[in-house]
Each structure stands twice: as C-alpha cells, then as structure tokens.
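Trainee: Construct the complete structure from the given sequences, taking the supplied hints into account.
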Amino acid sequence: KAGVTQTPRYLIKTRGQQVTLSCSPISGHRSVSWYQQTPGQGLQFLFEYFSETQRNKGNFPGRFSGRQFSNSRSEMNVSTLELGDSALYLCASSLIVGGSAEAFFGQGTRLTVV
Amino acid sequence: GESVGLHLPTLSVQEGDNSIINCAYSNSASDYFIWYKQESGKGPQFIIDIRSNMDKRQGQRVTVLLNKTVKHLSLQIAATQPGDSAVYFCAENMHRDSNYQLIWGAGTKLIIKP
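So the protein lines, in turn, are chains A and B.
Those letters in the first sequence? Residues 1251 to 1364, by the numbering used here.
Those letters in the second sequence? Residues 5 to 118, by the numbering used here.
Just so you have them, the derived chain A footprint on chain B, three or more residues with Cβ under 8 Å:
#	region
1	42-52
2	108-117
Some chain B residues near chain A, calculated using beta-carbon distances under 8 Å:
#	residue
3	Phe93
4	Asn103
5	Tyr104
6	Gln105
Capping the alpha-carbon separation at 20 Å, the derived lysine to any residue pairs in SDA-like fashion look like this:
#	chain 1	residue 1	chain 2	residue 2
7	B	Lys60	B	Asp35
8	B	Lys113	A	Pro1289
9	B	Lys46	A	Pro1289
10	A	Lys1307	B	Tyr104
11	B	Lys46	A	Thr1255
12	B	Lys46	A	Thr1288
13	B	Lys46	A	Leu1361
14	B	Lys46	A	Tyr1260
Derived by calculation from the structure, the hints in this document are not laboratory data.
Backbone N, C-alpha and C define an ideal beta-carbon position, used for all residues, glycine too.
Mentor: Following this line, the structure appears as structure tokens:
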C-alpha cells in the first residue's frame, strides 16, 4: 500500500507570493490533516479535512487555507507569503476524523520564503 | 494555557540501555495520547498510543505510561538500538470548541552512544 505522498518536496518562494502544496493520502483514508513544523514552534496543527469538509482548524491566519477533493487528495494554500512561513509542511492521513487514531505522515514539503 | 511539553530536549543513552522520555500535559480532559518518532528528513512515524482509561500500554520494545493524577506521560524504550536515534514527540488529542486538535510537545532528541 503506498504511503502518504506530498509534492513538491522543496519550494523556494518570494515574500508576497502564494503557494499551493499537495497531499495524496493512503488509499482508503478520508481524513487529511496539515501541520507546520519549525525548529522554534515544533508541530503546529493547521487544519483537518474529512469527506471534502474542513472539520478541525488550528490557530493560523486566514492566509492559510485548504481543500479536499472527492478522491481525498488535499491541497493547502498560503497567500501573501511572509518570511516566517518558512517551514516544513507535513500532511497526515487517517481512517477517522478527530485525531483519535494513528495518523500516517508524508515526508513533507520544505518551503523557504526569501 | 494549554500545552504539552517535554522535560528534556536531548537525551543521551548508551546502546543497550533503556530510555525513558517524559512528557507533561496540561489538559485533564484530553482522552487520547500518542507518541511519534521523527528521523532526520522524514515525517513523524507513529510509535504507540494510549487512551485515558488506561495507565499502561506495551508494544514491541516500547511501553507508554500515563499518570493522570500528575498529568504525565512517558515512553520507555527497552534495549535502545542505534536505529532509535530520532526526535520523539508526544501529542494529546484535545477536545475544544466542538473540535478535536492534536497538541504536540516540543520534542526530545534521543542520542544513542555506542
């Protein structure tokens, strides 16, 4: 069974630009969660999607948004990029919603904002 | 505020010895706790979980202990091997405002001495 796939692996963007990251969950998993990981803040929950609906949301500004498609693939978008958005963005898939079960992570997308 | 934290940022252990990684949490209403391992360049990998109605759970070479009285979680790794070198994260599943959210600790780096 293929694991969670995130694309691209690396990105370099300029301040003010916008970026879209993609996540393909494990086949059969309908929950996709997104996290931001930085050395100073650790893993911060962004949001979770289940059956194309956002079910849970962390404390990030509206510049961070996401969506989920009917095949459970998810995208995350960050608009008006800031230097502080440089981080590893991780996607995790799970069978159920709500964080009460094992989640499988992708390798992440390393975003650098210059 | 709500937080999940780790007592030690770095733990150095002799190969073959047992490792104990500690975690404190602040929300007594959290009902599910998870340990993840993250190796360099990879996404977090699930190790073991425990629900709040339990105080101990064992896996292969790993044991998680939950002390709800003092809101403390620990991960014990038996006979530590070089492949155990990684950053270990604890996380609690918190129910807040009709949402569930995984709150992550800062991580403990486990170093194995030969």
